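Asker: So the chains spell out like this:
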Amino acid sequence: MPVIEYIEAIRSAMKEEMERDSRVFVLGEDVGLKGGVFTTTKGLQEQFGELRALDTPLSESAIAGVAIGAAMAGLRPIAEMQYSDFMFPATNQIISEAAKIRYRSNNDWDCPVVIRAPIGGGVFGGLYHSQCPESVFFGTPGLKILAPATAYDAKGLLISAIRDPDPVLFFEHKKCYRLISDEVPEGEYTVPIGKSRVMREGDDITVIGYSLPLHFAMEAAAELAREEGVEAHILDLRTLQPLDREGILEAASRTGKVLIVHEDNKTGGIGAEVAAIIAEELLYDLDAPIRRLCGPDVPAMPINPPGEKHFMLNKEKLKTAMLELARY
Amino acid sequence: MTQTGAVRQQSRHAALGLTDRQVIEMYETMMRARRFDERCLLLQRAGKVNFHISGIGQEPSQVAMAFAMDFEKDWFLPYYRDYAFVLTVGMTLKELFLSLFAKAEDPNSAGRQMPGHFGCKRLRIVTGSSPVTTQVPHAVGFAYAAKLRGESSVAYVSFGEGSSNQGDFHEGCNFAGVHKLPVIFVCENNGYAISVPLSKQTAGRISDRAIGYGFPGVRVDGNDPLEVYRVMKEAHERALNGEGPTLIEVMSYRLSPHSTSDNDLAYRTKEEVEAHRKNDGIPAFRNYLTEAGLWNEERENELQARIRKELDEAQAYAERAPFQSVEDAFRYVYAEEPSSGEGR
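Chains as they are written, first to last, in the numbering used here: chain A, 95 to 422; chain B, 2 to 345.
What the hints contain is simulated information worked out from the structure, not anything from laboratory work. Just so you know, not all the hints are guaranteed correct.
Unchecked claim - Below 20 Å or equal to it, Euclidean Cα-Cα: the simulated SDA-like pairs (lysine to any residue) are:
1. B/148 - A/201
2. A/289 - B/74
3. B/104 - A/371
4. B/148 - A/143
5. B/74 - A/149
6. B/148 - A/116
7. B/122 - A/400
8. B/49 - B/214
9. A/289 - B/239
10. B/95 - A/139
11. B/148 - A/115
12. B/74 - B/237
13. A/289 - A/320
14. B/148 - B/239
15. B/104 - A/197
16. B/148 - A/289
17. B/122 - A/202
18. B/181 - A/201
19. B/181 - A/152
As the list claims (entries may be wrong) - To spell it out: a stretch of chain B is covered by chain A in this simulated footprint if at least three of its residues, at any positions, have a beta carbon under 8 Å from a beta carbon of chain A; those stretches are:
20. 19-31
21. 108-118
22. 231-238
23. 327-338
All values derive from a computational prediction rather than experimental measurement. Glycine included, every Cβ here is placed at the ideal spot set by N, Cα and C.
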């Protein structure tokens with residue numbers, strides 16, 4: 095099976111779905127001729143023409159709103175927000191409109207739109223090219239929220255998102271674009287929405303997370319196994335909404351010691367809900383208090399290298415937290 | 002003299018391609034909308050329903066605009082005062098009452114949304130919400146879909162003058178201008194955004210804003226339905242010819258309070274309202290039809306009796322109809338049936 099980059103997986107999902115289904119089109123700032131600021135949509139305009147790889151005005155609410163209208167009209171738009179930091183002008187369209195269209199019309203209308211946005215830091219993007227906005231949208235019924243960590247999941251989940259009959263937010267970590275490569279089958283396959291995946295099996299501690307920090311957890315787990323004999327069980331949520339309750343409970347009960355990790359800040363993050371699910375169902379099966387290792391509760395990360403490094407999670411931070419939990 | 006006047010007047014609608022029958026239907030529909038609206042206010046004051054938001058004063062232009070559209074091919078994104086518009090494109094009084102009483106059979110939302118939040122795929126009316134102006138980019142999306150699929154379809158979207166200050170108005174207009182999309186933006190300028198008068202909403206003319214987006218903007222007297230029809234028809238033709246969007250500012254006056262929750266005399270006088278009532282387009286249109294020899298007292302009495310009967314029947318039906326069951330009240334957050342696809 096070919097090994098490809100995370101960004102290539104996303105690109106090929108769009109390309110293949112556009113080949114398969116003439117209703118699929120992409121729109122956003124710089125997505126056409128330039129092929130996106132990260133080159134995620136490179137080649138799409140050349141292959142499918144300007145109408146299906148559309149350069150839009152710099153206008154996020156219109157990008158989302160026009161995509162929502164086109165989706166209601168029966169198309170399958172993929173709207174790109176250049177950076178998730180810039181999608182807030184589209185928040186009204188996403189929360190008041192996309193999320194509620196099926197429900198408010200009693201199933202008369204639907205809104206099969208995908209909104210892709212790069213999240214996360216570690217690229218010297220400063221405050222406004224580094225944020226993780228998932229907690230802003232999390233908890234809004236009607237939306238599905240995906241955040242893949244691997245190239246395999248990025249492609250399979252994006253294909254599922256495009257085919258899904260409801261609005262999907264697809265958060266891709268920009269640091270993963272070229273850092274992460276793994277085996278991805280050629281041609282179409284889907285990864286189910288709403289299902290987590292066990293990345294690594296172990297019996298001592300459970301790490302639950304999504305997106306980039308899981309790779310730090312995997313590296314830390316390999317070292318801890320070698321150095322300390324600690325075997326970590328690692329669960330990739332993959333879908334943030336709806337959360338895979340069963341998968342979370344199964345992973346938590348496997349070891350009774352849970353560390354939740356994400357780059358988004360701690361307060362009100364996805365981890366709080368994951369912790370609550372575990373506390374509601376499994377409190378007396380736990381052998382240690384639930385722990386969270388997250389971005390700090392500051393507005394966003396600074397651009398200066400020590401500040402960014404201090405904000406970001408890394409293998410060392412994961413290793414320390416995992417070892418502490420194992421020794422509890 | 003009367004005879005000469007009649008010939009000249011009659012030629013006005015004929016010159017626009019409207020038949021006698023059509024202008025009579027226009028008049029009947031605006032009157033139906035007016036009487037419906039008045040009944041809703043009454044029902045709210047009587048404590049039978051919780052809320053009504055009125056379109057009184059704007060019916061003549063709403064009917065005229067709908068008459069310029071193609072009910073088989075176009076898409077409609079009306080705002081919350083467009084009762085006369087949706088009645089013209091095919092929504093029934095029974096359906097509007099079902100919405101007013103928030104009953105399960107309401108095609109707009111099964112009684113989930115406030116009245117005035119229209120949506121009905123069968124009638125190509127796109128579901129709307131309360132945060133104003135979000136429908137403008139949606140209309141552009143429908144127009145884009147028409148362009149992408151090569152369909153001859155035009156999107157109609159309306160909003161108030163307050164909404165013309167929202168980002169979604171500007172973002173939608175700009176997007177449609179760049180891509181020359183078949184959409185008609187209609188600002189129903191009724192002079193008030195709840196309590197804030199036009200003079201505090203904008204220092205300019207809303208129709209002039211179109212210039213900045215590279216397409217024509219037209220201001221039209223909303224009390225003159227034939228002129229509204231002419232302007233709409235022109236915009237519709239432009240859209241179908243690939244010439245892009247048009248912004249139409251329909252000048253009217255909101256004769257009712259903002260909603261049944263509003264006391265309008267806190268910010269305007271009775272005298273002001275009464276002065277505008279004299280310009281009401283409905284009696285003016287009746288005079289037009291009368292002078293054209295198409296209408297008389299007898300027909301008027303027959304119409305009023307017919308509408309009253311329609312209203313009574315529709316209201317009675319809606320009052321008796323059941324609410325959506327609580328078992329169903331929380332359905333359709335997501336699709337219930339698996340998608341046609343593939344892998345899930």
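Asker: All the hints need checking, so say for each whether the structure fits it.
Answerer: Consistency of the hints with the structure:
1. At most 20 Å may separate the alpha-carbon atoms for a hinted pair to count; residue 148 of chain B and residue 201 of chain A exceed this at roughly 26 Å.
2. At most 20 Å may separate the alpha-carbon atoms for a hinted pair to count; residue 289 of chain A and residue 74 of chain B exceed this at roughly 41 Å.
3. Between residue 104 of chain B and residue 371 of chain A the alpha-carbon distance is near 36 Å, which puts this suggested pair outside the 20 Å criterion.
4. Pair hint residue 148 of chain B plus residue 143 of chain A holds up; C-alpha atoms about 14 Å apart against a cutoff of 20 Å.
5. Restraint check for residue 74 of chain B and residue 149 of chain A: not satisfied, since their Cα atoms lie roughly 27 Å apart, outside the 20 Å limit.
6. The suggested pairing of residue 148 of chain B with residue 116 of chain A holds, with an alpha-carbon distance near 13 Å, which does not exceed 20 Å.
7. Between residue 122 of chain B and residue 400 of chain A, the direct Cα distance comes to roughly 56 Å. Violation of the 20 Å bound is thereby established for this hinted pair.
8. Straight-line distance between C-alpha atoms of residue 49 of chain B and residue 214 of chain B comes to about 46 Å, which puts the hinted pair past the 20 Å bound.
9. Taking the CA atoms of residue 289 of chain A and residue 239 of chain B, the gap is near 50 Å; set against the 20 Å cutoff, the hint is violated.
10. For the given pair, residue 95 of chain B sits about 49 Å from residue 139 of chain A by alpha-carbon distance, which is inconsistent with the 20 Å threshold.
11. For the given pair, residue 148 of chain B sits about 17 Å from residue 115 of chain A by alpha-carbon distance, which is consistent with the 20 Å threshold.
12. For the suggested pair residue 74 of chain B and residue 237 of chain B, the alpha carbons sit about 12 Å apart, so the restraint of at most 20 Å is met.
13. Of the supplied pair hints, the one linking residue 289 of chain A and residue 320 of chain A is violated, its CA atoms being roughly 30 Å apart against a limit of 20 Å.
14. In summary, the hint linking residue 148 of chain B to residue 239 of chain B is supported, as the alpha carbons are separated by about 14 Å, within the 20 Å threshold.
15. With a C-alpha separation of about 15 Å, the suggested pairing of residue 104 of chain B with residue 197 of chain A holds against the 20 Å cut-off.
16. The straight-line distance between the Cα atoms of residue 148 of chain B and residue 289 of chain A is roughly 37 Å, outside the 20 Å bound, and the hint therefore fails.
17. At most 20 Å may separate the alpha-carbon atoms for a hinted pair to count; residue 122 of chain B and residue 202 of chain A meet this at roughly 6 Å.
18. Restraint check for residue 181 of chain B and residue 201 of chain A: not satisfied, since their Cα atoms lie roughly 32 Å apart, outside the 20 Å limit.
19. As the CA atoms of residue 181 of chain B and residue 152 of chain A are separated by approximately 17 Å, the hinted pair is consistent with the 20 Å bound.
20. For a cut-off of 8 Å, the count of residues in the stretch 19-31 of chain B with a CB near a CB of chain A stands at 0, and the three-residue condition is violated.
21. Counting residues of the stretch 108-118 of chain B whose beta carbon lies closer than 8 Å to any beta carbon of chain A gives 7, which meets the minimum of three for the stated coverage.
22. Given a C-beta distance limit of less than 8 Å, the hint that chain A covers the stretch 231-238 of chain B is violated, as 0 residues qualify and 3 are needed.
23. Judged by the Cβ-Cβ criterion of 8 Å, the stretch 327-338 of chain B is covered by chain A as claimed, because 6 of its residues qualify and three suffice.
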